[in-house]
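Heads up: the sequence lines are chains W and F, in that order. Under this note's numbering, the first residue of the first sequence carries the number 1, and numbering increases by one thereafter. Under this note's numbering, the first residue of the second sequence carries the number 1, and numbering increases by one thereafter.
Possibly wrong hints are sitting among the right ones.
[Unchecked claim] Computed list of lysine-lysine pairs in DSS-like fashion (alpha-carbon distance at most 25 Å, straight line):
id : chain 1 : residue 1 : chain 2 : residue 2
1  : W       : K27       : W       : K96
2  : W       : K102      : F       : K162
3  : F       : K162      : W       : K96
[What the hints assert, rightly or not] Coverage of chain F stretches by chain W, computed from C-beta distances (three or more under 8 Å per stretch; other residues unrestricted):
id : region
4  : 150-163
5  : 173-182
[Said to hold, decoys possible] Derived Cβ-Cβ restraints for the label pairs, each shown as a range:
id : chain 1 : residue 1 : chain 2 : residue 2 : range
6  : W       : L78       : F       : H480      : 42 to 48 Å
7  : F       : G155      : W       : F18       : 26 to 32 Å
8  : F       : Q55       : W       : D108      : 40 to 46 Å
9  : F       : T490      : W       : E59       : 50 to 56 Å
10 : F       : V277      : W       : D108      : 27 to 33 Å
11 : W       : T50       : F       : A29       : 51 to 57 Å
12 : W       : E59       : F       : L205      : 27 to 33 Å
13 : W       : A100      : F       : R203      : 35 to 41 Å
14 : W       : A75       : F       : N403      : 45 to 51 Å
15 : W       : T79       : F       : E269      : 34 to 40 Å
16 : F       : H107      : W       : E59       : 53 to 59 Å
17 : F       : T490      : W       : E2        : 53 to 59 Å
18 : F       : I420      : W       : S24       : 36 to 42 Å
19 : F       : H107      : W       : S62       : 38 to 44 Å
Don't read these hints as lab results, they were simulated from the structure. This structure is a prediction, so every number in the text was calculated from the model and none was measured. Just so it is clear, CB atoms sit at the ideal spot from N, CA and C, and this is done for glycine as well.
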Amino acid sequence: MELLFIILIGVMYSAGFFLLLRRSMVKLLLGITILGNGVNLLIFLLGRITKGKPPVIGETSSFFTDLYADPVPQALILTAIVISFGLQSFAIVLLKRVYALKGTDDLDDLNTPEDEDL
Amino acid sequence: MIDNLLILPVIAQLFIGIILLLLWKKDRAQRVLSVVGSLAVLALAIHLFVKVWDQGILTMNGGNWRAPFGIVFVADTFSSTMVLLTSIAGFAVSIFSTASVSHQRAHYGYFAIYHFLLMGLSGAFLTGDIFNLYVWFEVIIISSFVLLTLGGRKGQIEGAVKYMAMNILASMIFLTGIGILYGLTGSLNMADLSVKVAAVENRALVNLTAFFFIVGFGIKSAIFPLYFWLPSSYHTPPSAVAAIFGGLLTKVGIYALYRMFTLIFVPDESMKLIFIVLAVLTILTGALGAIIKTNMRRLLSYLIICHIGYIVAGLGLYNQVAIMGAMFYLIHDIVVKTNLFLIAGVIRNIGGSMNMERLGGMYADWPKLSLLMAVVLFSLVGIPPLSGFWPKIYLFEGGFEANSYIYIGALVLGSIITLIVIARLWAVVFWKDAPEQFDRREVLGSMDFLAWGKGMQSLLIIPIIILATVSLYIGFAAEHIVLVVDRITTEMLDTTPYIEAVLGTEVLP
């Protein structure tokens, strides 16, 4: 299980960075999304995967008697997902606006020369 | 000591922001509330600073969960100083905004977002939990995205794409670092991490984790070779936004670097060398970039990078004097850089352009205003006894103490080039005769400074006067600032009081 996760995370990070290095804006957006999900999976993996052991103390005892799944990484991932949802929706709107203004998908065309500044 | 009121500067900004959202349609009320609210936050920040100064490190446990289990807010001297500087700069820029921000921008929520940005900044300075720091960083960047794109001019949108891509990438790398750190130690509380990371035996893994933080914060604070987003986006937004970005946003990265690398990852010899090399290259590339620029704000953007190098070097030299110098420079830099961007904005509203080649004759037309601007420009260069001079003495001393002559060389070169650049700016914009007039009214529209009444004009000048006064205070009352930075440095180099304040005294052996 862990090995599968490690390979998956590796693929997601490399795919994310590869897409970020492309010149197309759509690929930039996809790169950000994939990289963000890779990060979430990494936190999940490093928070130790424990199957079928809820972090709930049994009625009879007053402390954890057994191994339990750590709820903190899941809380972190949930927060990170919400934040990256916000950022990505902003990014989509921004890139759509760029496309409407410039009529191009190429990041290299986004350089207004200095003498056209305010 | 536990004090739940330390969160007030953050809460106050949140409430101002919310009320401003409710006053969506009322333009004038928004502007008044923004200034009054900023003034109130300034008072709260001064109160917090005085309290921390008198009583030592204050903490607040969120939801009354004891550290290290809950989110903890900590106000030590460093945090409270940064909150104070944020609210000073925030107050000045909010006055500036009342006159310089157009009705359309105000209508799309400029003032509310501006206060959310300041909330994010204060929160980042006060938190003692590393994941919470990430969340505050996100609050900052999402507000800055909106401020950067509000208005939707072509240049703005282009700058925003670069700014957005690099900042999201920085957050991802920062989050990766947090993930690994949590896997390594099982904690997110900074004070707890400080104890636990020091006990990890696999130092190579710790150093690797530290690299994620160097890269993540390096992008945010614009360190070589990660700074390219800054000069390609900071020249695009309205002056008030550029001022708060230029003064404070890169400094949050610096704050986080100093917090992480004095508390959690204390740098070893190789890490110090890396910081020195990065600092030297940052100074040189920033300075050389500034030399060739003719647009005032592009020029200032490169100067920000150059001077970030001065501050980062404190982590590489890592002795008392050098860190004192770096902290002093940080305090001076926030005030002066904010002010310089405001000045660039006023010059544009008078002359109709940011391009130095199209400007001239400021001194002949506006002698008093020019002298005020000269004070700020020369503070940046560091002509004694103005504020840029004193921190450099400490930085030189720190460089000699650590035998880092390459850094001293870069510092000299950086200072000389800053002098050349500022002298050229002064000569071209203020002394040279005005070049052939182009139709400035067409460019400026409703932002024409000369067509405004005295009241509107003074709204642009007052913030510059306020910040210049603060600069002069830093320069002429340097002994007070030295007391503050001395205490900051002592707290940084001996982290025991910080850890004890957060975790209680029984934790440390």
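Look at the Cβ atoms of T50(W) and A29(F) and judge whether their distance stays inside 51 to 57 Å. Given a distance of about 54 Å, which is inside 51 to 57 Å, the answer is holds.
State, for the Cβ atoms of T490(F) and E2(W), whether the hinted interval 53 to 59 Å holds or is violated. Once the Cβ atoms are compared, 44 Å apart, the range 53 to 59 Å for E2(W) and T490(F) is violated.
Verdict for H107(F), E59(W) (Cβ pair) under range 53 to 59 Å: holds, 58 Å
When you take the CB atoms of Q55(F) and D108(W), is the distance between them in 40 to 46 Å? At 56 Å between Cβs, range violated.
Would you say the C-beta atoms of V277(F) and D108(W) sit inside 27 to 33 Å of each other? Hint holds: Cβ distance 30 Å, inside 27 to 33 Å.
How does the Cβ-Cβ distance of A100(W) and R203(F) compare with 35 to 41 Å: does it lie in that range? violated, 52 Å
At the C-beta level, are T490(F) and E59(W) separated by a distance inside 50 to 56 Å? Roughly 51 Å apart at Cβ, these two residues keep to the hinted range, so it holds.
Does the beta carbon distance between A75(W) and N403(F) stay inside 45 to 51 Å, or does it fall outside? holds, 47 Å
Can the restraint linking K162(F) and K96(W) be considered satisfied, given a maximum Cα separation of 25 Å? OK: K162(F) and K96(W) at ~15 Å, within 25 Å.
Starting from the hint 38 to 44 Å, judge whether the C-beta atoms of H107(F) and S62(W) obey it. At 58 Å between Cβs, range violated.
Supplied distance hint 27 to 33 Å, evaluated on CB atoms of E59(W) and L205(F): violated, 40 Å
Between T79(W) and E269(F), does the beta-carbon spacing fit 34 to 40 Å? Given range 34 to 40 Å: holds, Cβ gap about 37 Å.
The structure does not agree with the numbered hints 8, 12, 13, 17 and 19 stated previously, though it agrees with the rest.
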